[in-house]
Every structure is written in C-alpha cells, then in structure tokens.
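Chain by chain, the residues:
2 protein chains.
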Amino acid sequence: MKHYDSKEIGKLEKIFRLNLINSCTGYKSANLIATKSESGVSNVAVFNSVIHLGSNPAMLGFVLRPTTVPRNTYKNIKEGGFFTVNHIHKDMIEQAHQTAAKYENNVSEFHQTGLLEEYLDGFYPPYVKQSVVKMGCRYLNEYLIIENETIMVVAAIEHLYFQEGIQTPDGWLRLEDAETVAINGLDGYALPVLLDRFHYARPGKAIRSFFNKESSGKL
Amino acid sequence: MKHYDSKEIGKLEKIFRLNLINSCTGYKSANLIATKSESGVSNVAVFNSVIHLGSNPAMLGFVLRPTTVPRNTYKNIKEGGFFTVNHIHKDMIEQAHQTAAKYENNVSEFHQTGLLEEYLDGFYPPYVKQSVVKMGCRYLNEYLIIENETIMVVAAIEHLYFQEGIQTPDGWLRLEDAETVAINGLDGYALPVLLDRFHYARPGKAIRSFFNKESSGKL
Chain A
9 MKHYDSKEIG
19 KLEKIFRLNL
29 INSCTGYKSA
39 NLIATKSESG
49 VSNVAVFNSV
59 IHLGSNPAML
69 GFVLRPTTVP
79 RNTYKNIKEG
89 GFFTVNHIHK
99 DMIEQAHQTA
109 AKYENNVSEF
119 HQTGLLEEYL
129 DGFYPPYVKQ
139 SVVKMGCRYL
149 NEYLIIENET
159 IMVVAAIEHL
169 YFQEGIQTPD
179 GWLRLEDAET
189 VAINGLDGYA
199 LPVLLDRFHY
209 ARPGKAIRSF
219 FNKESSGKL
Chain B
9 MKHYDSKEIG
19 KLEKIFRLNL
29 INSCTGYKSA
39 NLIATKSESG
49 VSNVAVFNSV
59 IHLGSNPAML
69 GFVLRPTTVP
79 RNTYKNIKEG
89 GFFTVNHIHK
99 DMIEQAHQTA
109 AKYENNVSEF
119 HQTGLLEEYL
129 DGFYPPYVKQ
139 SVVKMGCRYL
149 NEYLIIENET
159 IMVVAAIEHL
169 YFQEGIQTPD
179 GWLRLEDAET
189 VAINGLDGYA
199 LPVLLDRFHY
209 ARPGKAIRSF
219 FNKESSGKL
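One line per chain: the protein sequences are A and B, in this order.
For the first sequence, the positions run 9 to 227 when our numbering is used.
For the second sequence, the positions run 9 to 227 when our numbering is used.
One or more of the hints may lead you astray.
Because identical chains cannot be distinguished in the list, a pair is counted as satisfied if it fits within a single copy or across any two copies.
[Stated by the list, open to error] Quick list of in silico lysine to any residue cross-link-like pairs, SDA-like style, CA-CA up to 25 angstroms:
1) K22 x N114
2) K86 x A108
3) K15 x G88
4) K10 x Q175
5) K10 x F131
6) K98 x L203
7) K10 x N149
8) K98 x G212
9) K98 x Y208
10) K98 x T176
11) K86 x N156
12) K137 x E157
Worth flagging that the hints you see were computed from the coordinates, not collected in a lab.
Working from the sequences, and respecting the hints, build out all of it.
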C-alpha cells in the first residue's frame, strides 16, 4: 500500500494535497445551498459538507471557511437567518459545479448557470426548482473549529420537500430513485447504485436484508 | 411534491422520522472507526458521519452521540488519543453493518464480524485489513453541539494508506476504483459510479471535464 505520514502530507504540492485529502475521507453529500441577500440578490453554491446532526428536532450542519468563497452564502445566512439545501441531481452536475466560480456579489449564480429559482410557502430564500429533494433551513448556531478556523453552521430543518415516489413505507428516501449524486473529493460527481439495505443489527444474529427475506448465512 | 413542515416532522413516528431525516441530507461517507482500549480490547464500529475539515493540516471530523452506542469508540479515543478510519468496501457491507450491534464492552467486534485487525507502523489502534483506504488519526479537540448534545470530534490525519492504483497523477483518490461505498440514511449501502470530474469553475467559462477535452457547450 502507498503510505503518507503527516510530515509527508505537509510537504505535498498544494493542489495535489487538496485532491488527496479531500478524497480520502470517502464520498460526500452533494447539495446546493441557496440564499437571498436583504437587497434581493439570490445566491446558490455547491457544498459537499452538509451532514445530518439529528432527527428530533430535525437538524443539519455544514462546514465553511468564511474568509474564502462562498462568502455570500455565509453573509446572507447571517443577515437573514434562512437558507435552502437542494440535492444535486445527475442531470445538473455541470450547473452545480459552475456555481463554484467566483462571480461578483451582485450576480446571481442562478442566472449564470440555468438553475431555476423556486419560491415555496413564503420562505424568503429560493429553492432550486430542478432538485428532487430540498429543505428550507433556519440558522441556529455556529461553531468555530479553532484548529483551522472553519465554521460549522447548525440549522433546523423547517420544510422538507421531495418527489413522493422516492419514499419507502418506513419513511426512508431511496436516493437512487431521486438520482441524487455523491461527491468524490472537490470535483468528482458519482451516481450511487443501491447494493442493499439492512435491518437493525443484533449481537449473534445474522444481518437481514430488506430485500432478500432469507438470511445470507453470513454474520 | 410531498411536503413536511417542522411541526409535521415532530409528530412523525420515531423510526419513520429517523429514516426520513437521516436520508434527506444526501449520501454520507461510509467508514469503520477502530480503537483499542487501554486494557487491550479492540473495537470497530460503522460511522456515516466522517467529514473532511481541512487539508493543511490534514484534518477530519465525525459526529457521535456519546450517551448511546457506540460508546466504546468515544471512551477509547478519550483514553488513548488515537483511532483509525477505514473505508467500507462493497464486499464488507454486511460485516460493517453488523458492528452496529450492541456487544458487551469486553467483546471485540472484529472477532464477531470477520473484519481483520491490522497493525501498521507502531500505531496503537488497529486498522481494518480489508479496507482499501485507511487513516491513522490523532484526537485534537471536540465540540459539543448544544442544540442536541451531539459531539463533533476533530482529529489530525497522521497516517494515510491506500492501494496505489486508485490515485490519479494529481493526487485525487478515485473512489470508484477503491470500490468504496456510500450510505443512504442509516442502513442503505450504495456503490457510486463516477459520472464526471470537472476542472476549477470560472465565471463566463464553460465547465471542462477531466475526461472529455472538448467543452460540452453548456455553462
């Protein structure tokens, strides 16, 4: 196996290290975060750092570096307190990636990329019309990660919208049916294919699949 | 589209809500975190919350609820300061899921699941031998998310190991070649297929693929 220790990682060329360290932690969620400034300029930016934080109350988080792009996202969230999170569909990966370009503050990435704004139930920031799963979120708090001055934003999920056909009877969203992508590193977009879904694991009991009623015989 | 607001989400049956809210934020990374207690008992547990935090220095984070399973992971990390993060390969999804079962404290999930311990370069906790990408990590800090009493652990990547053939010349790890999976919710395992990889986005310039040298013509 190839091995790098922390000293060797520290000496790598910057872009090589960015590519390596961004990809070594595994696949990431692929979302567009949309906001709107007080003066009415909409903003949308690709994020690979949206994470689940809790179900009751429903909460998510995402990590950003406020001193770099996308600054507008952070500024708008701090000003207005609301943002939307919209899944990236396989047919919109080019537009999603294009939102990472450094546009001027008064330019909406919606207008530049062909992503469409959608306003739902009186929520101030836009949703991405093309997205199959989308959430309206309210800023709750932020945590400064002092080790590298990134910020984790914590938010409540106030609204959740999705195409009805992707939900299974037990509540789960089958993301394969939504054709939601995952991100490999900073710039690789991948479409996952469901291998299996398993019931709750118990000591000494074989894992049971949701799809094959028979035990596989393996622990 | 189906719509739930936060009040409706709050009233959902618990397991239904867990399935829904864990899947609505998109695909998650699929890793096994391994530790070893001071008394020498190894531990390995599936985590879908490992995230990238920074490249220089190389840092990752993960979220846990220390008052529930997997407690041993947190206890061992606090005691010893070190842990490993190991990608879940498509051929080990059953074993990975089985690690979530509530075994007694003195039982190693390695022995119960067929996952193999591997010790590398004098690092105290074991790696998972079958994993194609694995990292040795040092605890740096933790942040209590007061909104729901989860904890984000922040760690330095001290060692990084991977199968050499999966790295592209610019440092990126092609996770499709590693056959690393992604997690949909708490219990769905999916294998991503790479759609495309894009160069750095710039205003007014068409997105360029790493694979098709020609512009697609779309922004």
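Hints versus structure:
When the C-alpha separation of K22 and N114 is checked against a cutoff of 25 angstroms, the pair qualifies neither within a copy, at 31 angstroms, nor between copies, at 44 angstroms. Proximity of K86 and A108 under a CA criterion of 25 angstroms is satisfied intra-copy only: 20 angstroms inside one chain copy versus 38 angstroms between copies. With identical chains, the CA atoms of K15 and G88 are at most 25 angstroms apart between copies only, with a shortest distance of 22 angstroms across copies and 43 angstroms within one. Taking CA atoms no more than 25 angstroms apart as the test, K10 paired with Q175 passes between copies only; the shortest distance there is 10 angstroms, against 41 angstroms inside one copy.
Within a single copy, K10 and F131 get their C-alpha atoms only as close as 49 angstroms, which misses the 25 angstroms cut-off; across copies the closest is 16 angstroms, which meets it. Proximity of K98 and L203 under a CA criterion of 25 angstroms is satisfied in both settings, with 19 angstroms inside one chain copy and 8 angstroms between copies. In this homomeric assembly, K10 and N149 never come within 25 angstroms of each other (Cα to Cα): the closest approach is 40 angstroms inside a single copy and 28 angstroms across copies. Taking the shortest alpha-carbon separations for K98 and G212, only the inter-copy value of 22 angstroms comes in at or below 25 angstroms, while the best intra-copy value is 40 angstroms.
In this assembly of identical chains, the alpha carbons of K98 and Y208 lie at most 25 angstroms apart only when taken from different copies (19 angstroms versus 30 angstroms within one copy). Taking CA atoms no more than 25 angstroms apart as the test, K98 paired with T176 passes in both settings, with 21 angstroms inside one copy and 23 angstroms between copies. Taking the closest pair of Cα atoms, K86 and N156 come within 25 angstroms of each other both inside a single copy (21 angstroms) and across two copies (21 angstroms). Taking the closest pair of Cα atoms, K137 and E157 never come within 25 angstroms of each other, the shortest separation being 33 angstroms inside a single copy and 34 angstroms across copies.
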